[in-house]
Amino acid sequence: MAALIVDDVLDVTRVRADFPVYDRRREPPLVFLDSAASSHKPRAVLDAMDDYYRTTHANVHRGVYAMAEEATARFEAARAKVARFIGAASSREVLFTKNATESLNLVAHSWGRANLRRGDVVVLTEMEHHANLVPWLLLADQLDLRLRYLGITDDGLLDTSDLETALDGARLVGLTAMSNVLGTLTPVRQVADAAHAAGAVVVVDASQYVPHLVTDVAALGADFLAFTGHKMLGPTGIGVLWGREALLEAMPPFLGGGEMISDVRLDGFTCNELPWKFEAGTPPIAEAIGLGAAVGELERYGMEAVRAHEVALTSYALRTLAGRYGDELVVHGPADPCGRGGVLSFSFRGIHPHDISQVLDQAGVCVRAGHHCAKPLMRRLGVGATARASFYVYNDEADVDALADALDSCSELFCF
Amino acid sequence: MAALIVDDVLDVTRVRADFPVYDRRREPPLVFLDSAASSHKPRAVLDAMDDYYRTTHANVHRGVYAMAEEATARFEAARAKVARFIGAASSREVLFTKNATESLNLVAHSWGRANLRRGDVVVLTEMEHHANLVPWLLLADQLDLRLRYLGITDDGLLDTSDLETALDGARLVGLTAMSNVLGTLTPVRQVADAAHAAGAVVVVDASQYVPHLVTDVAALGADFLAFTGHKMLGPTGIGVLWGREALLEAMPPFLGGGEMISDVRLDGFTCNELPWKFEAGTPPIAEAIGLGAAVGELERYGMEAVRAHEVALTSYALRTLAGRYGDELVVHGPADPCGRGGVLSFSFRGIHPHDISQVLDQAGVCVRAGHHCAKPLMRRLGVGATARASFYVYNDEADVDALADALDSCSELFCF
Amino acid sequence: MAGLEDLYREIILDHYRNPRNRGELDCPPARRAEGFNPLCGDEIVIYLDLDDDGRVADLKISGQGCSISQSSASMMSQAVKGCTVEEVRALNTAFKALMTIHESRLDGNGNEIGGETGGDGSGTDTPVPDPRVSLGDLAALQGVVKFPVRIKCATLAWNTLTQAL
Amino acid sequence: MAGLEDLYREIILDHYRNPRNRGELDCPPARRAEGFNPLCGDEIVIYLDLDDDGRVADLKISGQGCSISQSSASMMSQAVKGCTVEEVRALNTAFKALMTIHESRLDGNGNEIGGETGGDGSGTDTPVPDPRVSLGDLAALQGVVKFPVRIKCATLAWNTLTQAL
Ligand SMILES: Cc1ncc(COP(=O)(O)O)c(C=O)c1O
Ligand SMILES: Cc1ncc(COP(=O)(O)O)c(C=O)c1O
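Residue numbers (our numbering), protein chains in the order written: chain B, 1 to 416; chain D, 1001 to 1416; chain Z, 2001 to 2165; chain W, 3001 to 3165.
FYI, nobody ran anything at the bench for these hints, they're computed from the structure. Note that the coordinates shown come from a computational prediction; the quantities given were computed from them, not determined experimentally. Treat the hints with care, since some could be wrong.
Claimed, not checked - Computed cross-link-like contacts, EDC-like style, restricted to lysine to aspartate or glutamate with a CA-CA straight-line distance of at most 20 Å:
1. Lys2081(Z) to Glu2005(Z)
2. Lys3060(W) to Glu3005(W)
3. Lys2146(Z) to Glu1027(D)
4. Lys2060(Z) to Asp2026(Z)
5. Lys3081(W) to Glu3034(W)
6. Lys2081(Z) to Asp2049(Z)
7. Lys3146(W) to Glu1069(D)
8. Lys2146(Z) to Asp193(B)
9. Lys3146(W) to Glu27(B)
10. Lys3081(W) to Glu3024(W)
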């Protein structure tokens, strides 16, 4: 364990050995810089799922026989691990969904429909991912709510200059803990306190936060927290919604079906207890077990070390790109590596991000190009799209150098 | 391929070799009779997912780089395979969800809210799984709908004696294609024709049907068809909703977020095309690929052979249990093996199913005990719970014999 | 694997065969509470009559279920008759503690999983039982913890009684 | 892996550098249609002026996007000017056919996957093109099919034009 971390920093060579995607020799070698879209998976995660399927798969919470009992035990143990990882008060507060998007829709459908009325104010931010915008746009349309947005400053921070006015009369405040475009870490606690003072409930989209920083729901002050397995070394097909128990208890169910009921009659039903009340149908069993293993790996690395590694790498990347390309390469978002995550969205010499990404791919460098599911933010930044390089535990300075080198070929082809 | 099938019947020894769960020596040996709850997975399915994660995982529909393109290609190829497997007119009609339960909730939320009004009649059957009951109970409560139920006959068939009256004025008819308790195959086509004549839309819960019989959505006459990956050799975390394209086109979206939009502004959004309009957020990518591989295995076995195998085994089981236990063992549901699936729910000598399952487990025999998410049907049958043995491609007559033998130990412990 | 003899002790089978205090009481004056085991469909109805001092004057049980839920209900009915509400709560606490898995277990990969699992699987933090409380016959149910799925069967009667209190 | 030279042909880069028919037209009389590429955020606006004979009298394009979507739009604008609506549709059909992947491919396990993928990824069945239709410069875009994600870039202008017709 100790060998993974040298001077508080991850030993990337050793970390990389945990990730089978690096096993295959590739020419050019893989320079994967798109973990903000989805991370790769360590062996431990794939093995946990595989072992489950090969030895003890059965539907959970239903069978009396030993194999089903073992399946249930592994599934619920994963929930307990996730609960501990984010500092939840109990496993009852941890709901498994299919992704962060479903988690946020669950809040909108269940808490939203039960508590919001025509004319009520919902406050979001201009840097939300579509996952924390569209559910509220849909609900606003159906219930006739009023939407208000917290803006962003020119250096890419959340504008909290007049929170009190902005949150006045709000019933719900939704914000991202870390922007998937700008990397900005938002002052969740400050907004949550102001929101609570205004009588609002606070929904935090932590999809980019939980994979990269120590998370403590109590310290963040949130009421709901959504995140997604595939961005934190876990499999696809699983997300999490954490919610305060008292709120979850009072909420009506969302999806109806097996597992979430305690009794069903032809004319009605009664709900099961938390967390199962919100888990209709066969849950993502193997996926939960995989997520549990992912949490185990992140704990083994240590979230402080994960964060320190990213700050160091981000700082190196900002220096390198500025040194090489000066004003011709604009990185959107905060300049201070400590106030942001390892997500660098950039514009380069007027070359379209699509073309940048295509040319970089030829050098084995995988970056994302597009609106990153944040079209309103793109409009705010005055761009149609950006190229985005993002880092995780398996990236190192050589990856940054490869990116910087490959950008030269873009200029050759497109600068005229 | 041919060697898998002898005289139109599966060669179970060879089939079983495809399933890693049988690799491990167990004492007593595994007699898995709970596939109606969830099936085991063949090597091909586990390998397809594993290979995907190890070589080419990346978020789909988002990246320009080759790895993301390959991920997208595998994901969409799986959709195309599923579409062909059920006779869909195009891949656009095949939506990936997290399970059959979400598929049915999607219909209720999207089609239901857009098309149903206070007082409208929804017709279901008394043998529905909670997944096709609770979504409608929730909706009926919210929209003030009237629910009506098709009953069942004493021999466990759907009562279609006066369909015209039963469906009169119905706006939506929901029925299972095969009961997960009784094994009953329902006359889907007949009900669909009558429902269409009455002006209703038809939602078929095919969770137990698609894994076991040749499925052709056009021949069934359904408008929507829901099923789930984990019961058909596929992974957990994935379900399917098939719908007629014209209906899906006209429906409002369900969950909001990334992928399902084509544009988002701070005050509204426009939807993406089918099928992505209904797939908000990162989809279950590896799971879809696993389901595609499962479909590949089922096609390799041949669905006619799968069905023939089950009819033969069911017939053997009914004969064996009747021969051994006579009236002391009551199998609920149709007596004719051709009119039912390989699902035997039984009551035995007044012993509680929980206790039966516990004792059978000691002999390695895994059966399910409980209400099987069909509490209204339990009430109709006049029992609190049943024990249920269910068959799939890897089961054989020796499994049935082991079940029959193990039942003796139940009597020893509980009959007094 | 734990053996069936851990689960199906003779005294349990005796309570199952000959359930004590089965029946119903008029409501009011009695209170009535219903409980379901969502897993298996077991249903239990408890009729509870408290006297003016807050003691359990009478208690009847109806419903249907497996050997564990039935025998647990039967033993409970004997144990709580004549008790004050506080005493019933203390018994409940002691019984829940008995139904709690304290060992941590290893999964297939040698990782520690689980840790403490709340008695009835609801994840409720288990309060510390009063050491003076004696469970009597109910102690025979301790083998149930080796079969975690059945814990909900054993605690169904108690959870339903708690609702009625 | 297909090389960049398959994608970025000189004629494509020329249309990208010097887009033809950029601008706007007054609406009415012109028709206006907007298209989005949900993948990358590219937006295109097409202004279409049909004369009394149903011919494309004028066509202007605005919006922003990558080299492929911009050059495709530019080439399209040249190709359709002066055409009748039927001729435009025939060109569209021919172009969509060019953008369709006909080969079937093998996945990592040697299983055949895919088969035919609809031109713009929408899975639309591809109508058979009229062999008499000539695509001219547009044929240079055929390398795009080797980069399936970019097909949507190439077809964006055409799909938007179809809306305007
Ligand atoms: C008939 C039927 N419908 C629906 C379902 C629900 O499937 P899932 O739990 O995968 O959503 C099941 C299985 O549990 C079933 O047997
Ligand atoms: C900030 C943010 N929120 C939400 C999401 C949605 O996650 P998912 O697609 O897994 O639902 C993402 C990633 O796509 C994200 O970056």
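Now the hints, each set against the structure:
1. The suggested pairing of Lys2081(Z) with Glu2005(Z) is violated, with an alpha-carbon distance near 29 Å, which exceeds 20 Å.
2. Using a Cα cut-off of 20 Å, the hinted pair Lys3060(W) and Glu3005(W) is violated, with the two alpha carbons roughly 29 Å apart.
3. For a cut-off of 20 Å, the pair hint linking Lys2146(Z) to Glu1027(D) stands: about 19 Å separates their Cα positions.
4. Among the hinted pairs, Lys2060(Z) with Asp2026(Z) is consistent with the structure: their alpha-carbon atoms are about 10 Å apart, no more than 20 Å.
5. A threshold of 20 Å between alpha carbons decides the hint, and for Lys3081(W) with Glu3034(W) the separation of about 19 Å falls inside it, so the pair holds.
6. The straight-line distance between the Cα atoms of Lys2081(Z) and Asp2049(Z) is roughly 10 Å, inside the 20 Å bound, and the hint therefore holds.
7. Among the hinted pairs, Lys3146(W) with Glu1069(D) is consistent with the structure: their alpha-carbon atoms are about 11 Å apart, no more than 20 Å.
8. Only pairs whose Cα atoms come within 20 Å are accepted, and Lys2146(Z) paired with Asp193(B) is rejected, the gap being roughly 46 Å.
9. Taking the CA atoms of Lys3146(W) and Glu27(B), the gap is about 19 Å. The hint holds against a cut of 20 Å.
10. Distance restraint check for Lys3081(W) and Glu3024(W): the Cα-Cα separation of roughly 15 Å lies within the 20 Å cut-off, and the hinted pair is therefore satisfied.
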